[in-house]
Every structure is written in structure tokens, then in C-alpha cells.
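A.B. asks: Protein sequences, first through last, are from chains A and B. Residue numbers for the first sequence follow the working numbering, so the first one is 6 and each next one is one higher. Residue numbers for the second sequence follow the working numbering, so the first one is 11 and each next one is one higher.
Hints are not guaranteed to be accurate.
Said to hold, decoys possible - Dumping the calculated DSSO-like pairs for lysine-lysine here, alpha-carbon to alpha-carbon at most 27 Å:
#, chain 1, residue 1, chain 2, residue 2
1, A, 71, A, 110
2, B, 95, A, 439
3, A, 323, B, 250
4, B, 128, A, 439
Because the hints were derived from the structure by calculation, they are not lab data.
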Amino acid sequence: MISRFLRISLAFSFALLLTQTQSFADDVQVSASVDATDITINEQIQLVIELENADQFPSFNLNLDKFAIISGPAKSSNFQWINGKSFSSKKISYTIAPLETGDLKIGPFEMMIDGTRYTTNQITVHVAKGSRPPSASRSGGDVSPEGESQSSSDDVVFIKATADKSKAVPGEQVTVTYEIYTRVSIRNYSIENLPDAVGFWKEDIATPKNPKLTQEVVNGIRYSKATIKKIAYFPTQSGTLTITPMPVVVEIQSSRRRSLFDDFFNGDPFGRGATKRLVSNPIKIDVKPLPTDNQPNTFTGTVGQFTMASTLDTNIVKIDEAVGLDVTITGTGNIPTVTLANPEVPASLEMFDPEIEKSSRVDGGKVAGNVTYQYVFIPRKEGTVDLPTIRFAYYDPDARRYRTLSSGTKTIKVLPQEQRQQITGSGFSREEVKLLNMDIRYLKTNPGQLRQAGARYYAHWSFYAVLLLSLGIIGGCTGYRYWLEEWGQDAAYMRRREAMKRANQRIKSAEAHEDKPEYFSNLSRAILGFIGDKTNIAENALQRKDVTVLLRDHALPDETITEIERFLDRCDAGRFAPVGQDQLTEEELVPKAKSLIQTLNQYL
Amino acid sequence: MTKLFRLLVFLFIPGMLFPQEHPDSLFQRAQQQYDAEQYSKAVTTYQKILNQNIESASLHYNLGNAYFRQGELGEAILHYEKAKKLAPRDADIDYNLQVARVRIQDRIEPPESSFLMKIFNGIKYWLTLQELAWTTGFLFLSGSIIFGGWWLLNHSRLKNFLLYGLILWIIGILLVTPLLISRTIESVKERHGIVLSGEVAARSGPQNLSTEVFVLHEGTRVEVESIQNQWYQIRLIDGKEGWIPANALGII
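Here chain B stands alone, though its shape is the one from the complex (with noise of 0.2 Å):
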């Protein structure tokens, strides 16, 4: 009891000396900085609500905007893939995220990739990897429901019903499950970045003596591959590889 006690203790008093100011309220007002065009203070007020551990499609949407406003596009880019992680089928996040992408000095030419493939890719990442799982949980319940029914009544002809829908339902899973598998292991193990200072030299090694690689710019999206004493090694959508130091670059 007194263990409980000391941790709400613990949990409320700091909350108490310094009280948080309310999400909703600091979204207002980092509303009306923006309208003010005090973008800079705009910034700061959607990062206390960050700094909350708290987040949101929209947030990050316009803390990218804000920035956008600012000239920092790699923040700006790295904000709005942040957003597109959360709400995939925002129209406006992927017209601003476009709109971002074009000012960015590295002209990457990505490999070809199949009208089948975007297709593919159109549909996995159509949904959140939240919604996914929810998606997944809801076929399995009510699928097992489903598959009581059928089981338990005697009813022949809703039991035929039942059938069809339980089949239906399988499919469903089976097309759902390897589905959220494969992008929760690609959410564990890929980690994409935006290069965040103005241009970053890659080296060849985890070192500031190694060699440079290539040059990025700002706004440049790579994917890490692994990470060593401050360092990032990354890897561009053409399959260049090299290092560049952990500040640079903002993950996703």
C-alpha cells in the first residue's frame, strides 16, 4: 500500500510543480503563431508537444509545415514522412511531402520499379501498421464467432450460410496475417532517415578520416543500415553505400 502510494508520489508530484500545458491548447496557439507567421516560435510550440511523448498524423504534419515555412526542408520532409507513417491516405500530407520532395538538391534516380509492384506496394502500406493489427484482430474474432456459429446450430441452412462466410473469412486472415508479419519485421529492422544538415559528405568509413563516398544534400532520404559509435551507415534507393555522422540524419 505504501509502495503504491510512493508511486503515485512519484507519477504526480513533478506533474504538479510544473504542469503540462495541454496538447489541444499548444496546438491552438502554435496555430496562431503560424498565422502570424512567427514560424520559428510555431516550431517550438508543436515540439513541447512532442516533448510530451505524445503524437499525432496532424502534428507532425504542421510542425513540417512550419518548418517548410522556415526553409528547413530536411526537418519539414523528415516531419512529413513522420506523418505519412501515421495517416497513409492523407491526400495532404502526400501533396505537401511532393511538393517538399522537389526542392531537394539530390536527384536520386530510384531503380524501376513494376506496374504490378506499385500496385503491391499501393496495398501494403495502405493501411498504418496500427490499423493493420486491428484489422488482423478483428478478422480473428469475429472469424472465431463465425466459426462457433457454424459449429453450435443445427439450423442447416444458416449453417451453409455460416460456411461461405467462414471461408471467406480465412482467406481474409491469410492475406491479412503474413501481411502485418512482414511489415511489423520491416518496421523492427528498416529504419529510414532524411538528411538534415545541408549537405553531409558519406564516407567509407565510420570515421572523419575515411574517404568521402558522395555528397548528400538536405532532404535526401537513405535507409540505415546500421549504426556504429555516432555513425550512421546508409544506403541510397540507387544502392550507393557509405557513413555519415548521426547528427545529419533524422529517422523517420
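So here's chain A without its partners, still in its complex pose (with noise of 0.2 Å):
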């Protein structure tokens, strides 16, 4: 299917080609050319560039500062051959209406066509005021006509436009009302297209289908006049906006109704008249930028005059459960623009984002309608909770201010949950769950030990005591070690260190032994003993014939050593004979043995 159509394709533009290279020769001529030269501000008029023998339509900027383009373009390609010869012409035409009077000047145009530039013949089009009346520069300003109107034989019917103000800030509705003026009867009409209205959006107002015709004058001429569109505009920015002129096709009655022989021939054979193609006049609107001075920071862009109801589903309710707010903005002007910033809250708070509704109508001819934000709060906090105040500015253009709505302080109750005894859903292990349902086990009958409050070991010396004490037994411990090894190997010196203990280990031992043989050799060897540990001579070495010639070497006195030797005498005499008379008794003899060891010692 589609390699048939290429088929088909390719061989026509052969053909095409063929023909081009023919029409090569042809000069390409442009020119432009309007249907009449002579009209009124309230007609259209229509402007046909022709392009002969060029390929293809150019593009070319189409300025028309003076007219507005009300339809267009149409294009339109017309190919003949004649005695062998091309004749190819195109055409683009497009439906315009003056937007002032005078004489205007259409083009010229510049086009280029393969390479080459063109340019357009200038048209002049003489364009008189018509007979709308002066109320009708109420909106136009300068663009429509003032003062009398000459009343020409075209001005049978026109349309007005009307606009209900020509200064507004951007958000306020302005309404234009396009009225149909006529002297004779109008079989039909229909509005070709709606104005274009750039940095405008448009709401369309419902206007009866059958329009009430009503009786004016205007400049002493009687009109039936009708209401046949009624549009709402709000412009969305700053600045001279244009309301570009509303084309509108009338079908006019004949009214001359001669014969029937005239209507058949002059008039349409099917009765359906004559047709006029119209257009209204453009309205300009004055748009001042709102005022930023006081403009409060939840004001996002509507304007018109509202009211705000707020409604609180419920006062009291349980923690985790819902309480429902909705806040209704009612009022006329432009409702799309609505906005409820959502308002900050607190912990105790969560907010769901809110659920929108928006609904507009039209109510005596202004925008109107309600927005609905439907906020659900839910609580975390027991007790008094206040919901977030609910803001909406909007500018007042009637007040020229802005003004906040609030929906209030709306405080609710919370309530507790219910007893944590009837959950045994999540959350709870069952474990748990037993835990809920049992009581505390009874007090402790002995208050044990009471200690100071936060007492701290750490702040206790005893602790300290306890560490000190083990840290000295192995200091202790270590140092009596190192001493042994030091001093143990040195067995003179042990024996010194010895001596003293030994020798009172003998004379108790003799004392133990009273009136036997060993008190006497106990004590003889106490004495001997003692010596030759001091000096460090074996004591089975310690001759006593020994001992006086020892003692005299350590320069003890003459008459200690003659007690001593009368010592040992006396206990070698009392372990082998009786006991003389000058002799000491036995009881003196161990007061004496310990005093000789005391001398000796000095000595040794």
C-alpha cells in the first residue's frame, strides 16, 4: 500500500519536475492585493498574496501592526497549462480587520523565493469611522472611533464590542459583551472564530440562544440591537493588552420585496439573502501590575472578592484518630487560582495533604465559584490541641488592597487512648500481653542494708586500703626475697645475725632442764655458741683453752674474761662433781649466763 502510494508520488513529482524546469524561464511575480480599499472600521477585509510561477510557498513575517489577523493564512495552488505553456500561481490569503482609522498601509512584504528577494506592491485602504457609537471608545480608547460618525450606506449592521472596564490588575475579571447593531433583519449570524487574546484566559458567559432584540439610536439612526457573546477575560500579566477584533458572519434579509420576480433575480433564490462579513471592534485593556507593597506570602494570584467558612467535624477526640477540617473559599473572581498553602504543624500534629474540590459557574455575568480543601489531622498528644490556622489572601480590586481570610483558631480535645489492656494486637509480644494483665509482686519486708545515697567505692578509702595493702605484700613479699638471695649465701654473717636468738634458745632450753646434766651443758654451750657464731668458728671447733686466748684477740677486759672462764668452770664443774662453796648456786647461774652474753656482745 505505501510502495504504491511512493509509486504514485514519485511519478507525479516527475511530472512536477518536468514542468519546473519549464517554468524556470517564467519570471516569479508577487503581489498583494486586498478586496476593498475603501471600508469601515467595523468591516474585514480580505488580503490575497499571490505568488506566480514559485515552486513553493514562501515563509515570510506577515506585519500588520495596523490590522488584526482574524483568519489565516489560506493557501490555495492554481496550475494551468495553455498552448504548452505552465501558468502556476498560489495564493495566501488571510481575513483582516483594521484596528484603526485612516488611511492604512498593508506591506510591503518581503519573501524570498529559490534565493532571490521579493517584495510585495503596498496597499493603501482607506478606512472611515463607522457608526458605532462614542460609548464604544470607552474600552478602545483612542483605537475606536470618537464623535460623530458619518453614517454610510455599509453601516446597516456592525458589531460592538464592550468592555466593562479598561484598567485592571492581573487576576480581575473584565468582561466584554459583543452586541449586534442592525437596521435591517438578520436571518442568521455566526461568530467565525473567538478573538485571540494573548495573556488573557477567557471564560466564555453563557448568553441566551435566541438574543432579545432591543431599540437604540445611535446618532439619530434607530438600531435593534442584540447581545451575542458575552466573554470574561482575566489577564494573567501586566502591561496593554489587546482584545483582537471578533469576526462575525451576518446573513441580512432582503428587505427590498418588490416582486417576486425581484427576489427571484436579485435577491437569493433560496431566500437566503445577502452576507456580510463583520468584525467587531479590538478592545485594549490597561493591566496594572498588583501592588507588592502589603502583599501578604500566601497570596498566590487571585483576585475578586471571597468569603472563607471553615467547619470542624468533631471537638473531642482520641489520640491516633482522625479530626476532619474542611475550609470552602467562596467568592467571584479567579477561582483556578486557589491555592491553600498548607499550614505548619506541630508535633503533637500529622496532617494528610489535603483532599482539592473546585467548582466554577457563572453568576450575573462574573466567575464565580467554591474551593473546597479538606484537611485531616491526626493527634499524637493528649490534651488541648489548637489545629493550624488555615491563611488565603486575595487582592480586593473593588478596595484596591489585599485581604487575608482565616479560618481561626480551632482548638480540639484530646482524649487519651483507650486502656492499653483491650489492645493485643501489635506492638505486644505475648510475653507482654501476660505481662499486661498481671500485678506488681509485694513489697520487701527488710529494708537490707541502707548505705549512703550514691555512695561511689571509688570515694571510699578502703578500696584504696585493700590495693595499697596487696601492693605492699608483694613489694614485701619481692624484697624479702632479694634480701634472702643477697644475704643467705653469707654464712658468717648469718650465723652473727643468729647468734643472740641461739644463745637465748639454750639458756631456755636449760631452764627446762633443772637439776639434770643438760642445764649445765645448755648453758655452757649458750655461752659458746655465742662466741663462736659471733667469730665464726665452728663451734665442735671452739676448744675452751681456746675461748681465753679469742676473747683476748677482741680486747675484751681481763676480768670479763675471767667470769667467763670461772662461768664455764662452774658449769663443766656441775655437770661432773659437786658443787663447791665460793661457787655460784644454780639459780644465779642463768641471771649470769645472759649478763655475759650482753658483755659479749659489746665485744664481738
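Can you join these two chains into the complex? Each is in its own frame, and there are hints to help.
C.D. replies: Now the structure itself:
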């Protein structure tokens, strides 16, 4: 299917190519023409740009600053083959309507065709003042005709656009009423297309299908008048904005009905009457920017008159239960721009994104409507909780100031949750559920060890005492061990150190053996042993006779040496023979031995 | 001498003028009040003992019970926790603490802890700090005596026996001492508290104007990170942080 189409189109283009090669020889000509050069401001004209022998439609800039384009461009091609010569013509047509009166120039327009620049001719159109009443100038200002207008024969019917205000702020409604004025009876009319209004958001205001006719005298001429269209324009930007003329095609019933034949030949054989293509006047609106002073931060561009109503579905809830707050904004204005900023919510509340309902209608020629925000809050805290205040700011164009609506402070009472005992669901393990039904155990009857509150072990001396004690034990034992290793090898030292101890031990054992031979031998050995230990001479090696020499060497006084000799003799005598008169008694021997040892200790 | 006398007078005269009731009799009286279901009176009586700057596990436990009966969950848990600190192996304290805890509103999921971690913590907190300190002291002292015996004795068989004992003791000391040090540092640095007010908003800073971060309810245990102008910076077991007024929290 596609390939077949391709083949046909290929063949066709080939044929075109053939013709083109021939047409190159012909000059390309461009021209512009209009269907009428003498019009009134409420008429439309047809502008046609004709291109002869051009291969394609050029792109060009149609800058018509004094005309409004009502429709177009419409393109058409014509191709003729006459006597072996080809003629091709292309037409670009527009329907335009004048914006001003006077001699208006159209063109010249420049365009590029096959790399060559072509320029169209200039057309001058004389635009006469129409028979629109001066009241039309209220909206259009300098655009519309002023003062007395000369009624031309064409003014049997015209369209008048009236705006209810010429100055507005962005977002403010401007109502434009399109009325048809006629002196003839109109069979039918149709609005070709709605005006092009850059910088506006528009809303159609319904008008009755069969408009009611009223009578009005304009410049001394009686017209029948009917409203055919009403449009609400909302500027979306500031500056001087133009609403272009609205094209209307009107069918006029022939008024000259002299005979059936006349009617048959002059008029429309099917009774259609004459067709007139009309345009309304354009409208300029001076849109001033909204004041920036005192602009509330919640303002989102809504202009009009509004009221706020808020309803709370309940005042008392339990924790984790929902509270619904409905806030409704009602009024006239640009309803679609109504938005409520999400309020700041305290941590004791949780807020879900609100559900928004918007509805708009036309009420008394004004776009009106209401916007409802349904907020849902869930309190997470017990007690009285203030719901956040919902605020809505708008600009009141009548009062020329901003107004802020507030939902006010709504306070709810939050009750604690149901007793936890009833909850056996999530969050509790089986053991916990069991514990929920359990009571605590009874008191302890014994106060126990009552200690100083907040006592700290490291603040008490005993802890450090124990640590120091153990360190002391370790240090002491180590020291003693080292001391033993150092000095334990020196036998002479050890003997000297132990001498006194051993002598005393012998004296003690002597006392234990009274009236026995051991008594004397122990005492004797106490003295001899002491001398031996102190001088490091083996006890067995120390002979009785050596003692005197030894003691002399140690510079003992002679009397002491004699005393020791006498003591040792006494002991020997005691051991082997009866005691003589001059000698010491047995009882005197022990103290004597002790005193002798003390004496010896001084010298040895 | 006169200084000492003055000191003695200073210490004892107030005691003579306002004789303090003996703790044991107060303890008995509180129990009678508790039995008579006069819980608020029992609380007052127990508090009188605490006001003498003495405490015991049983005292805190009983006070916790009295608070529990009054429905003051926060105070009850606070005193059970204090009791547990003094007697960590007491089954009654553990049980009542659990019974009280399931009744609190905040159910904060603690981070998962492994089985081994639970055992480790069980051992770590099996003894009170005081007991741990005395255990350490005892190990040091007895260890030093064993060391001395091993050092000084010449008897070879006994010496061998003492050597094994000494090795065991050193292992014991090496285990207990780091535990004591870490527990001591913990006791000084880490402070825990129990929320006492019914509910309190934790804020992002220590001012009433700071934004609310979350809401806490009575009985919840928190860790105190810092203190500033009557505000505690607290941290929950799940890691959330905020500031709450000091009067809303009882320090364990």
C-alpha cells in the first residue's frame, strides 16, 4: 500500500519536475491585493498575496501592526497548461480587520523565493469611521472612533464590543460584551472564531440562544440591538493587552421585496439574503501590576471577592483518631488560582495532604465558584491541641487592597487512648500481653543494708587501702626474697645475726632441764655457741683453751674473761662434780649467763 | 580541741533538736500504710528515709510499688531502675519493672542486639559496681598473698600448687579490672533518665521556642547527653535526639 503510494507520488513529482524546468524560464511575480480599499472600521477585508510561477510557498513575516488577523493564512495553488505553456499561481489569503481609522498601509512584504528577494506592492486602505456609537470608545480608547460618525450605507449592521472596564490588575475579571446593531433584519449570524487574546485567560459567559432585541438610537438612527456574545477575560500579565476583533458573518434578509421576480433574480433564489463579513472593534486593556506593598506571603494571585467558611467535624477525639477540617473559599474571581498553602503543623499533630474540590460557574455575569480543602489531622498527643490556622489571601480590586481570610483558631480536645489492656494486637509480644494482666509483686519486708545514697566505691578509702595492702604484700615478699638471695649465702653473717637468738634458745632449754646435766651443758653451750657464732668458728672446733686467747684478741677486759672462765668452769663442775662453796648457785647461773652474753655482744 | 568540740556540737545539735526517726521504723510504718492502701502516705514515708541520704534496693523497690499503685508510672519505673542498680540480680525488681514497662505508651524499638551481646551484657551487669569493686579488691589482696607464698616457700610441691592458683588469679584480675574500669567510666559519663511528666515534647534546642521534634510519654527511658539551663539533651534507644525540660526527667 505504502509502496504503491510512493510510486504514484514519485511519478507525480517527476511530472512536476518537468514542468518546473520549463517554468524557470518564466519570471516569478509576487503581488498583494485586498478585496476592498474603502471600508469602515467595523468591516473585515480579504488580503491575498499571489505568487506567480513560484515552486513553493515562501515563509515570510506578515507584520500588520494596524490590522488584526482574524483568520488565515489559507493557501491555494492553481496550475494551468495553456498552449504548451505552464502557468502556476499560488495564493495566500488572510482575513484582516483594521484597528484604526484613516489611510492604513498594508505591506510591502518581503519574501525569499529560490534565493531571490521579492517585494510585494504596497496597498493603502482607507478606513472610515463607522457608525459605532461613541460609547464604544470607553474601552478601546484611541482605537475606536470618536465623536460623530458619518453613517455610511454600509452601516446597516455592525458589531460592537464593550468592556466593562479599561483598567484592570492581573487576575481581575474584564467582561466584554459583543452586541450586534442592525437596521435590517438578520436571518442568521455566526461567530467565525473567538478573538485571539494573548495574555488572557478567558471564560465564556453563556448568553441566550435567541438574543432579545432592544431598540437603541445611535447618531439619530434607530438600530435594533442584541447581545450575541459575552466573554470574561482574566489578564495573566501586566501591560497594555489587546483583545483582537471578533469576526462575525451575518446573513441579511433582503428588505426590498417588491416582487416575486425581483426576489428571484436579485435576491437569493433560496431566500438566503446577502452575507456580510463583519468584525467587532478591538479592545485594549491597561493591566497594571498588582501592588507589591503589603502583599501577604500566602497570596497566590487570586483576585476578586471571597469569603471563607471552615467546619470541624468533631471537637473531641482520642489519640490517633482523625479530625476533619473543611475550609471552603466562596466568591467571584479567578477561581482556578485559589490555592491554600499547607500550614505549619506542630509535632503533636499529623496532617495528611488535603483533598481539593474546585467548581466554578457564571453568576450574574461574573465567574464565581467555590474551592473546598478537606484537611485531615491526627493528634498524637493528649490534651487540648490547637489546629493550625488556614489562611487565604486575595486582592480585592474594588477596595484596591489585599485581604486575608483566616480559619481562626480551632481547638480540639484529645482524649487518651483506650485502655492499653484492650489492645492485644501489634507491638506486644505474647509475654508482654501476659504481663499486662499481671499485678506487681508485694513489698520487701526487710529494708536491707541502708547505705549512703549514691555511694561510690572509688570515693571510699577502704578500696585504696586494699589495693595498697596487696601492693605492699607483693612488694614486701619480693623485697624479702631478694634480701634472702643477697644475704643468705653469707654464712658468717647469718651466724652473727642468729647468735643472740640461739643463745637465748639454749638458756631457755637449760631452764627447762633444771637439776639435770643438760642444764649445765646448755648454759655452757649458750656461751660457747654465742662466741662461735659471733666469730664464725665452728662450735666443735672451739676448744675451752682457745676461748681465752680468742677473747683477748677481741680486746675484752681481763676481769670479763676471768668471769667467763669461772662461769664455764662452774658449768663443767656442775656437770661432773659437786658444787664448791665459793661458787655460784644453780639459780644464779641463768642471770649470769644472760649478763655475760650481753657483755660479749658488746665486744664481739 | 575547741575546734573539734565545735564541730561535734555543729553535727549533733540539729539532730537533737529535730530527731530523725529511725529508718527501720519508718520502713515498717510505710509498709502498714501501703497495706492500708494509703499509697501516697507510703510514698511520703519512704521519701523520708531517702531524705536521710540513705538508700537500699528494697527501699527503692517498695517506693516504686507505692508509686505504681498511685498510677505514677514514671516515678515507679525510676525507682525500680534505681533498685535494680543496687540489686541487679533481684527477680522481684526485674518482674515489677517489666510489669510497669509494658504499660508505658512509647514503644520504641531498640536496635537489634545479638545473642552474644546479650550474654556479655548479662555478665557485665551481673554485679553492682560496688560488688565489682570489692571483688577486684579481694582478687588483688588474695592474689598478692598467693604470690607471696609462692615467692617465699621452699616446699616444691606446695609451690607448684600455688603457681597454678596464681595463674588463675591473674586471669581473674585481668578479666575483672577492665570491667571495673569500663563500668566506672560508664557510671560517671552515661546518665539515664525516666520521663516523669505524662507527656513532654522533645524540642530541637534548649528553648521553649524551638520546634518540636517528637513527643515522649511517662516512663520512657532515655539517655542524657548533656545538661544546659534546666534542659536535658536526651537520646532515645533508637537514636532520636532532642531537648526536654529538666523537670520532666528523673535521673536514675
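A.B. asks: Compare the structure with each hint and give your call.
C.D. replies: To see whether the hints hold, each was checked on the structure:
1. A/71 x A/110: holds (8 Å)
2. B/95 x A/439: holds (26 Å)
3. A/323 x B/250: holds (26 Å)
4. B/128 x A/439: Between residue 128 of chain B and residue 439 of chain A the Cα gap is close to 23 Å, so the pair holds against 27 Å.
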